[in-house]
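S.K.: Sequence:
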Amino acid sequence: MDLNHLYSLRRDFTIIGLTGRTGSGCTKISELLSQDFDNLKKCGLREISKLDSDDIIFRRKYEISKNFFEEKGNWVPFEQIRYKDLILFFMLKKNGTQLNKYKALLQNYFKEFKDENNSEIVEEVFPKFKEVIFKHEELINEIKKIKKISSIRLKRSLLNLNELYFEGRFKILCNELFDVLETYGYYRRAVFLHKIASNIRSYGSPMEQKETDIKNIYTLAELINKLIKARKVYNHDKSKSTKIVIDSLRNSLEIMFFKERYSSFYMIATKDVLGNSRQRLKDRLLSKCEGEKEIEDLVNKLMSLDAIEYKTKDFYRGKFSSPDVENCIQKSDYHILNIKIEDFEKENYSPIIKNDFITREEQLMKLISLIMQPGIITPSFVERTMQIANTAKANSGCISRKVGAVILDKNLSIRSIGWNDVAKGHTPCNLRNVEDFLGEHPLNVEHYSDFELGNHSDISEYKYKTSNPNNFRDALKDFYKQSYDKDKLKGKNCSFCFKTVHNHYEGDGNQVHTRSLHAEENAMLQLTKYGGQGVENGILFTTASPCELCSKKAYQLGIKVIYYIDPYPGISQDQILKGGNISNRPKMMAFSGAMGTTYHKLYESFLSYKDELSLVLDIKPKNKLGIQFKNILESISSEKEFLSYIREKNGVITNEEVIGIIKKGLRK
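The sequence shown: position 449 = 455 (our numbering), numbered continuously.
Since the hints were made in silico from the structure, they are not lab data. Any given hint could be a false lead.
Claimed, not checked - Cross-link-like lysine-lysine pairs, in silico, BS3-like; alpha carbons within 25 Å at most: (1) K235 to K90; (2) K235 to K337; (3) K34 to K319; (4) K161 to K100.
As the list claims (entries may be wrong) - Derived CB-CB ranges, DEER-like: (5) I63 to S501: 43 to 49 Å; (6) R162 to K593: 55 to 61 Å; (7) E137 to Q215: 27 to 33 Å; (8) K141 to K494: 47 to 53 Å; (9) E441 to I588: 50 to 56 Å; (10) K593 to L12: 40 to 46 Å.
Yeah, the Cβ is synthetic: ideal placement off N, Cα and C, and Gly gets one too.
Produce the entire structure from the sequences given, and follow the hints as far as they go.
M.R.: In structure tokens:
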């Protein structure tokens, strides 16, 4: 029996989104996915004979995954949607061939810094920009004629959109325009696109407008969505599968847009674990710059822009249009380490577990084989443990950031699980309510401390530094007096963060005032609270890397390896974990593999593999139990005879009579 149709939804339609910091390898991963499997093998797959012969289980996993793609037709190259091309497509649709609008965009945003006078540069670049516009005037006019993106429904409109974006002409236009912009500064081009993309998500327009509208936040995501649908319609007519990779998403709300719409969407975060981002940027810029100093200066600027996009504070201020790469990484459900085969062969990268899919090409091979054939191999111990930590964080009552942690002993057995939350007996932050302090009803004191209630041990000695409130209770009322509006909440609980309010009036940023224990700390305390063996030479898994305090505790416990998803801000790695005797230092390891819902999508097979093989190979085992069951059925003779027998007994059959029927069948 051919079961390919069971997997058709997976195999015929897959969307992969990429995210990561500048220089982390998103573009390279996108290129690898867009090429055939032979190129993947040539670039970075180790020969099976070169794998560690001691780990026969991993060798079999590797072999199974590799053999799957040796079968012709199983690997299908992906088609790329480059985000920078998308921005240009939207800009052309909005402005058409109106040159004055492009000149205004260059004057406003083609700058290295906000107040730069770029008049001379604009006067140089604009004629060449205009030349490209005139050269592709016919294509641009066709793009301009497209009706509102969100209203595209008809097949002919989708096919027209597909032809304009995917069929070659637009790609040539993109390359020519970007070449013009990069001639006058690669960094200027990066800032130019950064600003225009943020404007589109804020105003629905490349140029800044008077007022923002949150309805515009998905403008570019909706364009990608229509391009995917357009390509799918085109490929369906050609009896081809649709495989799309988006390079790259840097706004976490756009990631949620695709997660909500496509079960076939996989979000991948790429990570530079070798510190090679700067060198990769330098290699990429060799043809665009003159001299080592110019390249170094440009790389410094790009890394500064990356720092802004990674650790933006705009989301806290309600500005959701900005890139927020840190949140994008946290919302990713598959993580790939950007490790080339030569890095591993030269021992530039020394993983604790060497028997794993290590190079970026091997990690991609594993991912795509699991998408195509769920459950074809089982997860690594790293994946299954991080999945537990990821599940544990859902228990957290923290309203800022949820974190989960798991501690294994040296034999890889789980010793404890933790998540960031308040001490046992205290009410979690997400269950407390500002209205308790603002409302007319008596305050339920069980949920709040004496300090929060304003009952200080010596109130005469305490006063906030930056404002009038003399106690926290009054401070909380003052903090929310202008902004609290029950109607805006629409029934939602108005939780509050003690640390945020307290630090606001203290005029400080002290982390000590948090009510919660950290996830790693909670996991460590479980070891003491409930007894048990030590975890010296054990492994800590955490969905965020440990802070300075938790790093010291991990060091003290004798933890040898710490797996993390995204680094915690601070100096914990350099100050704590890289101090002391080298042989005692815990080794930090970035996580790679699947987690969250994707973990289940990849590792849960559609049906038991035994049944699938039996159906595909038409195996009909004649086992003893099956034969006996068949004889039992035959002993009843026929449905008509059996029903007649029941009627004679008035529908009542004793246990002895049932046993007699079964014995009669077993004797045959």
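S.K.: Compare the structure with each hint and give your call.
M.R.: Status of the hints after comparison with the structure:
1. K235 to K90: holds, 19 Å
2. K235 to K337: holds, 24 Å
3. K34 to K319: Cα-Cα ~29 Å, so violated.
4. K161 to K100: With a Cα-Cα distance of about 23 Å, the restraint between K161 and K100 holds, given a limit of 25 Å.
5. I63 to S501: 43 to 49 Å: With a Cβ separation near 46 Å, I63 and S501 satisfy 43 to 49 Å, so the hint holds.
6. R162 to K593: 55 to 61 Å: holds, 58 Å
7. E137 to Q215: 27 to 33 Å: holds, 29 Å
8. K141 to K494: 47 to 53 Å: For K494 against K141, whose Cβ atoms are near 51 Å apart, the range 47 to 53 Å holds.
9. E441 to I588: 50 to 56 Å: Hint holds: Cβ distance 54 Å, inside 50 to 56 Å.
10. K593 to L12: 40 to 46 Å: holds, 42 Å
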